[in-house]
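Given the structure of chain C, go ahead and fit chains Z, A and S onto it with the hints provided.
Just so you know, the protein sequences line up as chains C, Z, A and S, in that order.
Using the working numbering, the letters of the first sequence map in sequence onto residues 3 to 236.
Using the working numbering, the letters of the second sequence map in sequence onto residues 3 to 236.
Using the working numbering, the letters of the third sequence map in sequence onto residues 3 to 236.
Using the working numbering, the letters of the fourth sequence map in sequence onto residues 3 to 236.
No lab work stands behind these hints: they were computed from the structure.
A quick note: this is a predicted structure, and the numbers were derived from the prediction, not measured.
Please note: incorrect hints may appear among the correct ones.
It does not matter which identical chain is used: a pair holds within one copy or between any two.
[Claimed, not checked] Calculated lysine-lysine pairs in the DSS-like style (CA-CA distance at most 27 Å, straight line):
id, residue 1, residue 2
1, Lys212, Lys126
2, Lys141, Lys214
3, Lys141, Lys54
4, Lys54, Lys44
5, Lys54, Lys37
6, Lys47, Lys37
7, Lys54, Lys214
8, Lys47, Lys195
There are 4 protein chains.
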Amino acid sequence: MSLSVELLAFTPEPDKVVAASARLCYSDVSACSLKEGMDERKSEKLLEHLLKSGHMSPFEHVAFTFAMDGLSRVCTHQLVRHRLASYSQQSQRYVLMGNPQVVVPPSIAEDAALRERYMEMVQKSFDTYKLLVESGVPKEDARYILPHSWETRIVVTMNARELHHFFGLRLCKRAQWEIREVARRMLALAREKAPMIFNMAGPACVVSGKCKEATSCGNPYTTVEEVLADVLDF
Amino acid sequence: MSLSVELLAFTPEPDKVVAASARLCYSDVSACSLKEGMDERKSEKLLEHLLKSGHMSPFEHVAFTFAMDGLSRVCTHQLVRHRLASYSQQSQRYVLMGNPQVVVPPSIAEDAALRERYMEMVQKSFDTYKLLVESGVPKEDARYILPHSWETRIVVTMNARELHHFFGLRLCKRAQWEIREVARRMLALAREKAPMIFNMAGPACVVSGKCKEATSCGNPYTTVEEVLADVLDF
Amino acid sequence: MSLSVELLAFTPEPDKVVAASARLCYSDVSACSLKEGMDERKSEKLLEHLLKSGHMSPFEHVAFTFAMDGLSRVCTHQLVRHRLASYSQQSQRYVLMGNPQVVVPPSIAEDAALRERYMEMVQKSFDTYKLLVESGVPKEDARYILPHSWETRIVVTMNARELHHFFGLRLCKRAQWEIREVARRMLALAREKAPMIFNMAGPACVVSGKCKEATSCGNPYTTVEEVLADVLDF
Amino acid sequence: MSLSVELLAFTPEPDKVVAASARLCYSDVSACSLKEGMDERKSEKLLEHLLKSGHMSPFEHVAFTFAMDGLSRVCTHQLVRHRLASYSQQSQRYVLMGNPQVVVPPSIAEDAALRERYMEMVQKSFDTYKLLVESGVPKEDARYILPHSWETRIVVTMNARELHHFFGLRLCKRAQWEIREVARRMLALAREKAPMIFNMAGPACVVSGKCKEATSCGNPYTTVEEVLADVLDF
Chain C
3 MSLSVELLAF TPEPDKVVAA SARLCYSDVS ACSLKEGMDE RKSEKLLEHL LKSGHMSPFE
63 HVAFTFAMDG LSRVCTHQLV RHRLASYSQQ SQRYVLMGNP QVVVPPSIAE DAALRERYME
123 MVQKSFDTYK LLVESGVPKE DARYILPHSW ETRIVVTMNA RELHHFFGLR LCKRAQWEIR
183 EVARRMLALA REKAPMIFNM AGPACVVSGK CKEATSCGNP YTTVEEVLAD VLDF
Chain Z
3 MSLSVELLAF TPEPDKVVAA SARLCYSDVS ACSLKEGMDE RKSEKLLEHL LKSGHMSPFE
63 HVAFTFAMDG LSRVCTHQLV RHRLASYSQQ SQRYVLMGNP QVVVPPSIAE DAALRERYME
123 MVQKSFDTYK LLVESGVPKE DARYILPHSW ETRIVVTMNA RELHHFFGLR LCKRAQWEIR
183 EVARRMLALA REKAPMIFNM AGPACVVSGK CKEATSCGNP YTTVEEVLAD VLDF
Chain A
3 MSLSVELLAF TPEPDKVVAA SARLCYSDVS ACSLKEGMDE RKSEKLLEHL LKSGHMSPFE
63 HVAFTFAMDG LSRVCTHQLV RHRLASYSQQ SQRYVLMGNP QVVVPPSIAE DAALRERYME
123 MVQKSFDTYK LLVESGVPKE DARYILPHSW ETRIVVTMNA RELHHFFGLR LCKRAQWEIR
183 EVARRMLALA REKAPMIFNM AGPACVVSGK CKEATSCGNP YTTVEEVLAD VLDF
Chain S
3 MSLSVELLAF TPEPDKVVAA SARLCYSDVS ACSLKEGMDE RKSEKLLEHL LKSGHMSPFE
63 HVAFTFAMDG LSRVCTHQLV RHRLASYSQQ SQRYVLMGNP QVVVPPSIAE DAALRERYME
123 MVQKSFDTYK LLVESGVPKE DARYILPHSW ETRIVVTMNA RELHHFFGLR LCKRAQWEIR
183 EVARRMLALA REKAPMIFNM AGPACVVSGK CKEATSCGNP YTTVEEVLAD VLDF
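Extracted from the complex, chain C is given alone in its bound form (with noise of 0.2 Å):
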């Protein structure tokens, strides 16, 4: 396997019904009437408005939802660090664990020694594993050989504010690469659906154009395109 990060569900029309959400707090509109009226001209302008004025509680009215596979348990482990999500996550206590399937990091990849050397220890902790298992050892106790590169599945959900504050950390080049392609391959996503509330997402090089590290990369994004391109395949 290898990743996959697909879009399963999200609010439908995001864009306008955040704009529509704010425009009521600030407007002599009925709530009930809010997305009548709306043109897009103006939900842009607005939108805009919230996004660099930092007003973004009218974000969270709308939600994405995403399937992952092939991911590591490094990387979960980092992912639902974020509070302000949900999450449901492959079980390693319940579910067997069939044929080894892990990441391998770049670094490793593109190293044949140490990438053999790296997936022969692998396959040595699935025999492991299989032999904890078969001796009577439960699933969920046989699994603490296994390796933190193991891959693992997650659905998992964040609205539109959150999803914000997760690419400014996320896709900033200091971030982990495995968790930064993870959040890439979201904003991707979202923004196709979303054109108006992700055109100035990213890190902060990206949205204020300024680096906010204590130790900058020194090598910043300029735009929200650059980061989109910057693919990493493993």
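Frame of chain C, contents of chains Z, A and S only:
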């Protein structure tokens, strides 16, 4: 104006999305093919199992957004105490209040003399508000004289897990009548779109057959249908 | 009554707890010996680094609990919108309101005629409340006629990360005067107990030297001391 | 190393703070004089009432911070799924892993042959980790080969409401043994400081006398003391 609650947006196919996410946790299926091969009967069984055993996390993957007009600030002050939700409310700082529009509690409305006295006070409060604004007092300060009953408008998003929690508290007969009626309408709207998810929703008397309040109302509901039929006009 | 904000409880040695937690992340030290060997100078350097680089999660390990009297329900409606916090508020459903006790906005208080008109309305509203209660209307319904200015009491707990966020929004000169004064007192109390944590707290103009508002107030603060000296009596 | 859980910090006088906050909601007392006149007997009655009727919000005003060493990343991956909590975890991205230090599940430890095989694999994984690091692979990538059992260190803060929820789930006999033992130690430490708050804490079998699991363990606890005595060494 009178109370109006409408569904502004919701995650499409909510029953299916929750069932698919739950299925990932316990079976060896890829996340990206989750929605395939889920028949309706299996989904229903699965959701019923989740609700009965209290495994509520998959219900977080779907959300409902309600647009509300004509509720009092008494009610929204209670509403916004639910923190696992998102709100956009019409601002009394920026929007000039027009004619007096207030909620009249049924216990007052049903007595002609009390109602008259109440409405008279509302009018006087509003006259003072107008006078203050005309005297140069900022809108945000003048509103300090408006009564709690003053109507407001709000957009509310909750996911299905939080909705279950909210319905449990706010459809109880010991909750205040105004937020109960708001909750009743929310349940009616959500249940229409997600019949499996909200098949067993409402106060503890309905969901578990057992009151959890320290002092019971003495007259519990027995079915969701009964909850939904208990309309309050105001 | 007039506004009163006191510190009801807080995590002891807050500066030290935050510094120790942060230190765990980046160095090979056991969690259980964290507080040993942290000298004050090192802690200060570390906290300064965290604040500057925006690595705020260690600040969540310490919390402050404030007891507040004499603030209006306008103010608490704004306050409870901060969802990463805990609240216990005096209930108008259960507690009978005694004599009229209201917040008077400075813009009204400073004009004798307006103030008189305002207080007259407050008294009339309260007379109506009393009449309603004496006529058998439940307290929870009678209060619909009380003005927004009515005083309330609340206990509020926030951790230091959320406090930083709260101070950023609510000490801005564009925030409303009442919640600004509440926030100012909270900062003064918290800073006394945790000088390193709250050394650089307040609106963007103070923290980053750059306004983030769409429309600036035109008269930014320059230091925390200036923020703390900007007392508002009401 | 073996599991170590210590109390790093906590809100002083936790029983009193919760009781005082709860008292504010329902009686005509000023927030700033809350702690006066609360005798121990009244506090105990009040907390018991809150716990029995499920009015848990006052329990949010007090928090406990635990420093933990020697737990596996299997366990912390489960732990950090609790989102109403704060975490600072030792980073495998930045800290070089020294000698092999792993958790050995009891089901493996009790069988000498399995244990030997397990430890052998741990050593080989670590040798590969070292080789990778020495070959120039970044620490953050080399760790992909380390097993899930690898020990980590974490600081965890939860408020008393979340702790009740956490104990309800994680002290159940159907929870995994490692997080159960972590939870047992947390309860023992917290209960010593807040005997009234944690007098009735633990899984549903203890708190409500009735299992909520779809499949019961068949051997429920009956008292908190029994839960606390159920020590697991590993």
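**Study point:** Violations among the numbered hints, reported as their numbers in ascending order
**Key:** 1
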